[in-house]
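S.K.: Please work from the sequences and hints to get the whole structure.
Chains as they are written, first to last, in numbering that gives the first Met the number 0: chain A, 0 to 272; chain B, 0 to 272; chain C, 0 to 272.
Because the hints were derived from the structure by calculation, they are not lab data. Keep in mind it's a predicted model, so treat the numbers as computed, not measured. Certain hints may be false.
The list treats identical chains as one, so a pair stands whether inside a single copy or across any two.
[Claimed, not checked] Below, simulated BS3-like cross-link-like pairs (lysine-lysine); rule was C-alpha separation at most 27 Å, straight line:
| no. | residue 1 | residue 2 |
| --- | --- | --- |
| 1 | Lys265 | Lys210 |
| 2 | Lys33 | Lys267 |
| 3 | Lys202 | Lys180 |
| 4 | Lys213 | Lys265 |
| 5 | Lys260 | Lys180 |
| 6 | Lys202 | Lys213 |
| 7 | Lys13 | Lys202 |
| 8 | Lys202 | Lys267 |
| 9 | Lys13 | Lys33 |
| 10 | Lys180 | Lys265 |
| 11 | Lys180 | Lys210 |
| 12 | Lys180 | Lys267 |
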Amino acid sequence: MEHEITQLNSVDFKEISVQLEDSILHIQFNRPHKKNAMNLALVEEVMQCFTFGANLESLRAVVIVGSEGNFCSGGDISDMHLSSLNESEREETIWHFNRSFGRMITQVKHSPIPVIAAVEGAVLGGGFGLACVADITIASDSAFFALPETGLGVIPAQIAPFVAGRIGIDHTKRLALTGEKLNAEQALHLGLVHRVCSAHSIKDQINNAIKQLKQCAPEANSNTKRLLLGLNNTPLEQILDDAAAAFVRSLSSEEGIEGTKAFMQKRKPSWCE
Amino acid sequence: MEHEITQLNSVDFKEISVQLEDSILHIQFNRPHKKNAMNLALVEEVMQCFTFGANLESLRAVVIVGSEGNFCSGGDISDMHLSSLNESEREETIWHFNRSFGRMITQVKHSPIPVIAAVEGAVLGGGFGLACVADITIASDSAFFALPETGLGVIPAQIAPFVAGRIGIDHTKRLALTGEKLNAEQALHLGLVHRVCSAHSIKDQINNAIKQLKQCAPEANSNTKRLLLGLNNTPLEQILDDAAAAFVRSLSSEEGIEGTKAFMQKRKPSWCE
Amino acid sequence: MEHEITQLNSVDFKEISVQLEDSILHIQFNRPHKKNAMNLALVEEVMQCFTFGANLESLRAVVIVGSEGNFCSGGDISDMHLSSLNESEREETIWHFNRSFGRMITQVKHSPIPVIAAVEGAVLGGGFGLACVADITIASDSAFFALPETGLGVIPAQIAPFVAGRIGIDHTKRLALTGEKLNAEQALHLGLVHRVCSAHSIKDQINNAIKQLKQCAPEANSNTKRLLLGLNNTPLEQILDDAAAAFVRSLSSEEGIEGTKAFMQKRKPSWCE
Numbered sequence: 000m001e002h003e004i005t006q007l008n009s010v011d012f013k014e015i016s017v018q019l020e021d022s023i024l025h026i027q028f029n030r031p032h033k034k035n036a037m038n039l040a041l042v043e044e045v046m047q048c049f050t051f052g053a054n055l056e057s058l059r060a061v062v063i064v065g066s067e068g069n070f071c072s073g074g075d076i077s078d079m080h081l082s083s084l085n086e087s088e089r090e091e092t093i094w095h096f097n098r099s100f101g102r103m104i105t106q107v108k109h110s111p112i113p114v115i116a117a118v119e120g121a122v123l124g125g126g127f128g129l130a131c132v133a134d135i136t137i138a139s140d141s142a143f144f145a146l147p148e149t150g151l152g153v154i155p156a157q158i159a160p161f162v163a164g165r166i167g168i169d170h171t172k173r174l175a176l177t178g179e180k181l182n183a184e185q186a187l188h189l190g191l192v193h194r195v196c197s198a199h200s201i202k203d204q205i206n207n208a209i210k211q212l213k214q215c216a217p218e219a220n221s222n223t224k225r226l227l228l229g230l231n232n233t234p235l236e237q238i239l240d241d242a243a244a245a246f247v248r249s250l251s252s253e254e255g256i257e258g259t260k261a262f263m264q265k266r267k268p269s270w271c272e
Numbered sequence: 000m001e002h003e004i005t006q007l008n009s010v011d012f013k014e015i016s017v018q019l020e021d022s023i024l025h026i027q028f029n030r031p032h033k034k035n036a037m038n039l040a041l042v043e044e045v046m047q048c049f050t051f052g053a054n055l056e057s058l059r060a061v062v063i064v065g066s067e068g069n070f071c072s073g074g075d076i077s078d079m080h081l082s083s084l085n086e087s088e089r090e091e092t093i094w095h096f097n098r099s100f101g102r103m104i105t106q107v108k109h110s111p112i113p114v115i116a117a118v119e120g121a122v123l124g125g126g127f128g129l130a131c132v133a134d135i136t137i138a139s140d141s142a143f144f145a146l147p148e149t150g151l152g153v154i155p156a157q158i159a160p161f162v163a164g165r166i167g168i169d170h171t172k173r174l175a176l177t178g179e180k181l182n183a184e185q186a187l188h189l190g191l192v193h194r195v196c197s198a199h200s201i202k203d204q205i206n207n208a209i210k211q212l213k214q215c216a217p218e219a220n221s222n223t224k225r226l227l228l229g230l231n232n233t234p235l236e237q238i239l240d241d242a243a244a245a246f247v248r249s250l251s252s253e254e255g256i257e258g259t260k261a262f263m264q265k266r267k268p269s270w271c272e
Numbered sequence: 000m001e002h003e004i005t006q007l008n009s010v011d012f013k014e015i016s017v018q019l020e021d022s023i024l025h026i027q028f029n030r031p032h033k034k035n036a037m038n039l040a041l042v043e044e045v046m047q048c049f050t051f052g053a054n055l056e057s058l059r060a061v062v063i064v065g066s067e068g069n070f071c072s073g074g075d076i077s078d079m080h081l082s083s084l085n086e087s088e089r090e091e092t093i094w095h096f097n098r099s100f101g102r103m104i105t106q107v108k109h110s111p112i113p114v115i116a117a118v119e120g121a122v123l124g125g126g127f128g129l130a131c132v133a134d135i136t137i138a139s140d141s142a143f144f145a146l147p148e149t150g151l152g153v154i155p156a157q158i159a160p161f162v163a164g165r166i167g168i169d170h171t172k173r174l175a176l177t178g179e180k181l182n183a184e185q186a187l188h189l190g191l192v193h194r195v196c197s198a199h200s201i202k203d204q205i206n207n208a209i210k211q212l213k214q215c216a217p218e219a220n221s222n223t224k225r226l227l228l229g230l231n232n233t234p235l236e237q238i239l240d241d242a243a244a245a246f247v248r249s250l251s252s253e254e255g256i257e258g259t260k261a262f263m264q265k266r267k268p269s270w271c272e
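M.R.: The structure is reproduced here in structure tokens:
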């Protein structure tokens with residue numbers, strides 16, 4: 000384990016900074032000169048982190064933040080060096096780049112480890128999409144949100160489905176067709192973010208969220224997340240039958256035994272720090 | 000009919016108190032020493048009431064309330080006497096207990112008779128789930144809501160799908176992964192409850208809700224409920240074709256004829272008291 | 000094109016007034032003596048307009064408004080002259096009338112051209128349904144919303160599914176079972192409408208919405224709308240694969256080339272007026 004942690008903390012990452020501390024994996028975007036617009040390397044590095052995190056038993060949460068006042072301004076297509084390619088290569092490259100976004104957002108959404116995103120400044124396009132799949136999203140009051148794609152003549156292809164998953168199809172449609180900007184309070188009203196705070200208290204809010212997550216048992220959290228994310232794909236009666244079996248397993252698991260015991264003994268269970 | 004009513008008012012119920020008055024069936028949880036935590040007997044008694052109510056033609060609404068300041072603090076697993084069982088009996092017993100919750104919540108959700116829940120104090124776990132399937136949910140400002148399961152090392156197996164049906168998958172996920180408590184105003188903001196009032200005006204709010212329901216025709220209400228609860232299971236075009244046929248039937252039904260006539264004669268239709 | 004425009008501006012419409020100006024199609028309901036209750040002719044005229052608009056390349060938005068202080072009070076069944084029909088003719092006529100509502104609402108919802116609805120006064124039944132499928136809905140503070148069908152003994156057959164698409168099944172259910180009236184602020188809270196303003200500033204709000212829509216590329220908007228409205232019918236992975244291909248096409252389209260160029264040259268793209 001120590002070895003793996005050292006690997007992750009290594010200087011192998013170019014576009015993000017990564018730190019593992021107290022069972023929390025911190026990912027910071029590291030392209031402030033581009034307002035953290037995502038190039039392919041950044042997307043792939045984020046995916047590496049989540050693949051790593053999913054296999055790290057002791058991990059309790061992943062925290063994603065921006066840098067220098069902005070969360071993420073979308074996709075950085077200027078970084079793709081398309082001019083040297085012929086048309087079919089160009090199309091393939093763009094397809095791959097675009098589809099990678101969707102793959103990353105999908106991976107973050109289905110992360111078995113809870114994900115906290117703390118956003119500030121620009122939260123645009125792909126950054127907006129990412130904010131919509133975190134389990135807990137905290138916004139600085141400096142944050143503003145928009146889907147600027149149609150204003151550039153393109154479509155929010157990999158992002159729209161995830162925004163719709165968070166705020167519904169109709170609000171997503173309106174924002175995509177108008178490019179309208181939302182401030183943090185409006186985002187809170189739509190359920191896009193869950194807490195709004197001043198820029199200087201964002202660390203406190205992240206720590207509060209971590210503290211809340213740590214009250215809850217890691218395996219139970221992971222199973223609950225899977226249950227909820229699977230709701231749209233299976234008939235309800237089957238979900239409830241399977242969920243009853245999962246409940247039986249959770250109650251007889253180490254966590255369930257410890258949690259019930261701790262409750263009766265009026266003490267905190269072992270997974271709370 | 001009178002006979003059946005008398006049956007229901009009988010002392011056969013142990014865990015709930017039941018009263019039928021003015022075409023309204025009142026169910027009150029009767030385990031205040033356990034903050035109305037639900038044991039298997041309570042769950043089964045609630046189901047009996049709804050089975051009874053579904054066949055009682057004159058019934059206009061079911062009202063569910065807690066007692067002594069709390070609505071319901073979840074499932075009462077301590078009541079299951081598991082210690083005397085061997086492992087496989089134990090697992091079967093727990094599965095059955097857990098699955099029964101889901102069956103009760105499903106039955107309440109699909110009740111052809113409109114359901115009002117008035118909640119106060121603890122609205123936790125299964126109580127939270129039940130609050131999410133009532134057609135009209137009224138909260139005293141003393142109410143607080145949480146999904147405490149993962150904090151005990153278990154999962155909100157039978158409850159999460161119904162909470163997600165009410166407030167969406169993402170809010171449910173956040174509440175389940177953190178155990179975060181909501182107050183009544185926050186529950187109103189999420190659409191979990193529809194009205195918030197002071198503890199002493201909760202009866203007035205229940206009566207207002209009953210009055211509103213009684214303005215609407217019973218069969219039309221029942222058909223509308225079925226139409227809406229079936230939306231996710233059928234292609235839209237087929238729903239609309241079937242709904243047009245149901246409209247034709249409703250317009251030529253006794254209710255439709257009476258309703259249209261009353262409207263033209265500027266008087267209240269017969270089903271309003 | 001000019002010819003077609005002239006056709007649309009003709010006096011052929013009886014129940015609505017239609018005007019095409021600056022690439023915007025304005026539809027005004029023209030039955031103020033009935034609070035703009037919709038008869039079959041009105042429904043069919045609206046559908047004609049949308050069929051026309053879908054083929055008019057230069058069109059950028061459709062705006063729907065009421066008249067004399069009301070948006071639309073629902074369906075006008077009194078206009079159907081049912082008394083002269085035998086029972087089976089009568090049933091067929093009602094079925095056709097009812098189903099036509101659903102067809103119109105479906106067509107408006109899936110319009111490739113963005114739709115703005117500006118509502119005031121009565122927004123009832125079918126008017127409520129229509130308000131729920133516009134991409135941008137603006138409400139005067141005089142607006143009130145209700146589903147009065149069950150109070151008349153009938154069901155909101157063609158409307159409920161579209162209201163549920165906007166504000167969710169549970170809020171729709173509650174409104175349909177109680178006939179409860181919402182004011183404009185409550186409608187804003189539910190996401191039913193997107194902006195509330197005073198009656199005298201409604202034109203400004205419409206113009207603002209048009210201005211926003213015109214910042215966005217027409218084809219990109221149309222493709223984004225189709226992507227979002229198709230979300231519930233296709234597995235997510237297939238949607239994302241197809242969306243990546245659509246992104247490639249949009250980036251190499253005239254719009255995508257112009258949009259990217261304009262962004263780099265810090266000027267407005269050609270589709271903004």
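S.K.: List in ascending order the numbers of the hints, as given earlier, that are violated by the structure.
M.R.: none
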